[in-house]
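Can you join these two chains into the complex? Each is in its own frame, and there are hints to help.
Chains A and B, in that order, give the protein sequences. Taking UniProt numbering, the leading residue of the first sequence gets 1, the next gets one more, and so forth. Taking UniProt numbering, the leading residue of the second sequence gets 1, the next gets one more, and so forth.
Calculated from the structure, these hints are not laboratory results. Keep in mind that a hint or two might mislead.
What the hints assert, rightly or not - What follows is a list of derived Cβ distance ranges for each label pair: (1) A/Val114 - B/Glu429: 16 to 22 angstroms; (2) B/Ala432 - A/His106: 47 to 53 angstroms; (3) A/Arg113 - B/Glu192: 54 to 60 angstroms; (4) A/Gly169 - B/Gly98: 56 to 62 angstroms; (5) B/Gly184 - A/Pro176: 48 to 54 angstroms; (6) A/Ala97 - B/Ile446: 25 to 31 angstroms; (7) A/Tyr57 - B/Gly27: 53 to 59 angstroms; (8) B/Met190 - A/Ala97: 39 to 45 angstroms.
Claimed, not checked - As a list, the in silico DSSO-like pairs of lysine-lysine whose alpha-carbon atoms are at most 27 angstroms apart: (9) A/Lys158 - B/Lys322; (10) B/Lys501 - B/Lys326; (11) A/Lys44 - A/Lys30; (12) B/Lys326 - B/Lys290; (13) A/Lys158 - B/Lys227; (14) B/Lys79 - B/Lys25.
For each residue, glycine too, the CB sits at the ideal point set by N, CA and C.
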Amino acid sequence: MAYAIKKPGRTVADQSYVVEAVKGLGVTFKRFFQNTIGPAENRKTATIRYPEESRDYPERFRGVHRLTHRADGSPRCVACLCCSTACPAQCIYIEPAEYEADDPRHGYERYPRVFVIDELRCIFCGFCVEACPCDAIRMDTGTHVPASWKREHFIFDKETLMSIPGKDGTYVTANPRHEPGDPTHPGLDREKAH
Amino acid sequence: MPTFKLDGQEIPFEPGDTIIRAAWKKGVEIPHYCWHPGLSIAANCRMCLVEIKSARPMALPILAWDEKKKDYVETTKNKLQPACQIEVTEGMEVASKGAAVEKAQGAVQEFLLLNHPVDCPICDQAGECKLQDYWLAHQKKLKRKDTEPVHKPKAVRFGPTIVYDAERCIMCTRCIRFCDEVVGDHVLDMRERGNKNEITVSPGRELDHAYTLMTEHVCPVGALTSKDFRFKARVWFLRSAPGVCNGCATGCNTWVDYDPRYQRVYRLRPRDNEQVNKFWMCDAGMMTYKRFHEDRILTGRVRQEGRVVEVPRDVAIEASAKVLEKSQRLAVVFSAQHTNEDNFVLGKLGREHLGGTALYLAALSPESVPGGWKGDAILRHPDPNPNRAGATAVAGGELRSTADLAADVAAGRVDAILSLGWAAGESVEQLASLANVPHVNLSSNIGPLTQVATVVVPVATTAEASGTFVNAKGMAQQFQRAVNAPLGIKSAWETLIEIGKRVGREIAFAKLPEVRAAMPATTAAVAAAS
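Same shape as in the complex, but just chain B (with noise of 0.2 angstroms):
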């Protein structure tokens, strides 16, 4: 691989790589607002500028003093360029350090908050806004203008989601040519020229595509804000956790954002992953997070005379144990919302320990989203489930539907039902008949499922568990536990364990490796690897 020199440290690249993106990918940083790169290069906020020493440099006349003379004297200077623009060609020198470049980076930061209105305790970016960063790195400085800034509109709402700061805004544009070239809806534009410049949007519209957050997440500084998480927490406060978003099948990479002290997840933000979703995430994806703390089951429910009984989870294990020894019959409803671990360990216990022949899927269909599901060509994959193809591959073969069981128990195919997680296409009134028979569930959230069920035990969501999904691509993709489970609560494979343990069948898991490592080869190699 051709290489070329930064700050005198050898750097490969790529042909076509421009010497930011050479940089980045060696994971140097040269300080920059507008590149991002998964977006255009629009070289407008001139903090890249770089020193350019070999090849013909771009020379300026200018006036300097000469100490001898005592005079200004004609001579030239190496005219600085714009990292994100330039290719790098072999050999190519470049200096991102050095008097001139840091002279011009200190004066690009002082220019760029000449009208800033540095409302950092009311902006929502503090903390994690590259105006707050590259000022200490490179300006430390106070601004010397001291006139009141250009003031311009506040608060201004953009859409059902976005919120824009025309004060706080740098013009990098990053949010319009995402829409643009990313969303392919060119809804945002700018308007006026100079110091009232602001970002609009289009006459008689509102940002209200399918990926209006990631608006909010590409913008450097607390001009856009979500309406979500505005003044939610403080972004010092959060720790982040890899995580595999819940959506759909695309299985987009994300960090999951929690606070630590109330053990609460605040956001969900896109995890850069050049196979699945590069740098973005579509709305719903990143509003998946509710799901963690919103219709919880965080106790046991027995039904009893058709009342639905809350208990503690020990006696809701207890009661599951009862309606598994007596089964002659088990259906086993495997979880495309569920990991793999929670799937496999579902599939010893209901099929090699209790006789469970009957196999299902149970796992959402867009319509029976709320609000619908539609996929698209960019990341929304039609199917809203987000490891149908791990929960398949686990079971080993093609799962019938909940359809089929409503079927099956209507037809007095089945004596017992053992299910995991809350998501069904069908609603409760189309799985009715699944009441007619003992049903154990295990679910973290209400649902269907759970609403059908004689016994619900409560289990841990995604980000309380560490686990494995398979996208629609087929790859195995880990996340890491976030937050803890709220007390008692273990994730759905040890709690199968326990249940387990009651009816006299062990299952010697103790540890989530050892569970990966009995998994089908398939998918236990893959989830290795990622």
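Excised from the complex, chain A in its bound form (with noise of 0.2 angstroms):
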């Protein structure tokens, strides 16, 4: 059923429109002013000055993977391929290989030879980070990968991957274990007891 609806009245002020424009600008300018005169930490923009600025991500932020070291400098990463297979995009690549018997790492038997992640097909879920049984691949980086105008530049080999630092500028990890051949590896062997 139709029925009528009463029209609000204004006022001479309201007609005029002239009061409301100047509240309106008088929030203008007032934020004008705080986020241009004034100390930094009064500003309420919810803008910032990016590239020159940039906003920390949280913790939990998954970004381009690093390979994390060993005391020695050489890659955590004991090739077992568990990062591969659990990786939905299919974008880590691996080839294993085993330290020669006069090399000093030989204890650690295995290492990845090559290790390519095509950043491009990477969905970032993370799974990789979760699979790995040695916290040898890590998104803790706090940086996603750089934008660049080469699909070449987004295939990263082993050598740039073991390049990035983690948030806090180191290339370990933060879960240490000991290792075959490390000094401080406890328990018995022939050598040292029995």
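Structure below.
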């Protein structure tokens, strides 16, 4: 059933628009002076001056991958292929190899001769980090993949991945562990005891 | 056949069978590490403990908590016995499940893992390791020992092919028993006791007999690893196709393990066949997979003014058609390396359509195998060709050797050659006269025959095509294609039909079963049966 709606009454001040326009300009100027004059901490802008300024990503942000280092600078990765197995985008390619018998790192046995991540294919799900039993691959870099105009620049090889530091600026992992060959490696062996 | 009851299921057995063997024959697995159907019984892993309910139970006095008396009371429990060692008797009742057995299995599993390094990411056995499988099936909880495990030597070189890791070893002694019982070479043994126990090689020796890779294959955990396969691939990426070994006339049944992503074969494993190879294969046989990828011929080759020029496959087929059209006295060379189907279509084209009457067989001789070839009483047949019997049967009688062919060419009795395969018992120098007549060769790899040919057409290897071999015992065995042939390359019989079309001879086979159906009854009948 149709019924009539009563129009709200308008005063002369409303009708002239002047008062409301001045009120609105007041807000604009308040913000303008607040954000341009005076100390930076008082500013209440929603925007930042990118790229000069950037915001920190949250603690758990999954950034570009990195490969952590051992104390001797070799990759912690043992090329077990768990990350490439878990990867739903199939963007990780690894070729395992063995340290030669005369290499001081022979005790680690296995290492990645080739470790490549196609960052264009990666969906940043973090499954590789979850799957890694050695904490060798991490996404705690706090940064994303830098932009580029060439596809090849997104193919990150082992050297590139090892050159990216973590958020704390180091190349090591937060979860160190004893590894064969470490002087701190506990337990018995034929040389030490029995 | 008498039967016994395993977990309520009636299982038939032959007199003398142990519980585990009878169950294994029926396809029921009782968890085990040290037992292997082809080896003697050691009963040292204790993983196969079962409860025998019938017969006189072996009672163990124990103290059990009595809820009513609020005290321990003296009672007995049924002693569990290893299923690998106890012979089955008629009507026996066995439980391989249930609280008592499962507790024992979990405890044994925990014990075996007490000092295990659990370095599964590094270990090559990950993905096919019984410790992993049984942990999930029978333990599923962490070990209670929280001290550092006992460390033992890692990555010890046992010989040219095998690396040993003492920490991962569970002392099942399968490798020792394999060397003793199958190979008859007591090169491995154990030393020390308890948690210092490890496998050693006899002083002054290396693990270097002809079956060393089998020790790796029988190892249920990652203690013995093959240097060849080590760190090359992960088994969960591999698929398996049933194959037949190309190494000799025994024709051992294999699993061809390949990576479907890269279309590459990574290893061969023995496939159980009681009549042919039981559970075993020799090192040389397991290494034949390398030939699938090494020394391949991937393009056509045509000899022009003494130089070999690589040409597209189509051009090579065109050139071979020209050679075959002109021929009056064609020599047809069958191959002991190629399948019955390939040889059959070769005969069809060479003899029936092109009128070739001089028939030969290209086969390796023991001396021509790189590194030499010697047969033995275990598996290795003195003849290093997988299909001499099949090729001879398909050709319909005894064939002359490639040495005879060289003599016939020198005497001018032949004006063109159509040959299959790369193999020959003679060297390139001995076959030099073959280069004097136009020679069409279909081959997958480089070998003496390809080097003296005028035109070489590339064909698929046995991993890239299905087919049938007949072994020295006269058994025809089929194998399946594992990987795809490189782009454009087809199996030899398909290529021969293409060449036939170019010379205007229609051979009406479109599919492999059609070729098999047309083959002589003797080979075709056995082929169908296997």
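Verification of the hints:
1. A/Val114 - B/Glu429: 16 to 22 angstroms: With Cβ atoms ~42 angstroms apart, the hint is violated.
2. B/Ala432 - A/His106: 47 to 53 angstroms: Given a distance of about 49 angstroms, which is inside 47 to 53 angstroms, the answer is holds.
3. A/Arg113 - B/Glu192: 54 to 60 angstroms: This hint is violated: roughly 36 angstroms between Cβ atoms.
4. A/Gly169 - B/Gly98: 56 to 62 angstroms: Given range 56 to 62 angstroms: holds, Cβ gap about 58 angstroms.
5. B/Gly184 - A/Pro176: 48 to 54 angstroms: Because 50 angstroms falls inside the window, the suggested range holds.
6. A/Ala97 - B/Ile446: 25 to 31 angstroms: holds, 28 angstroms
7. A/Tyr57 - B/Gly27: 53 to 59 angstroms: Given a distance of about 55 angstroms, which is inside 53 to 59 angstroms, the answer is holds.
8. B/Met190 - A/Ala97: 39 to 45 angstroms: At roughly 32 angstroms between Cβ atoms, alanine 97 of chain A and methionine 190 of chain B fall outside 39 to 45 angstroms, so the hint is violated.
9. A/Lys158 - B/Lys322: violated, 53 angstroms
10. B/Lys501 - B/Lys326: OK: lysine 501 of chain B and lysine 326 of chain B at ~15 angstroms, within 27 angstroms.
11. A/Lys44 - A/Lys30: holds, 11 angstroms
12. B/Lys326 - B/Lys290: violated, 38 angstroms
13. A/Lys158 - B/Lys227: holds, 25 angstroms
14. B/Lys79 - B/Lys25: Satisfied, since the Cα-Cα distance of roughly 25 angstroms is no more than 27 angstroms.
Hint check: violations occur at hints 1, 3, 8, 9 and 12; the rest are consistent with the structure.
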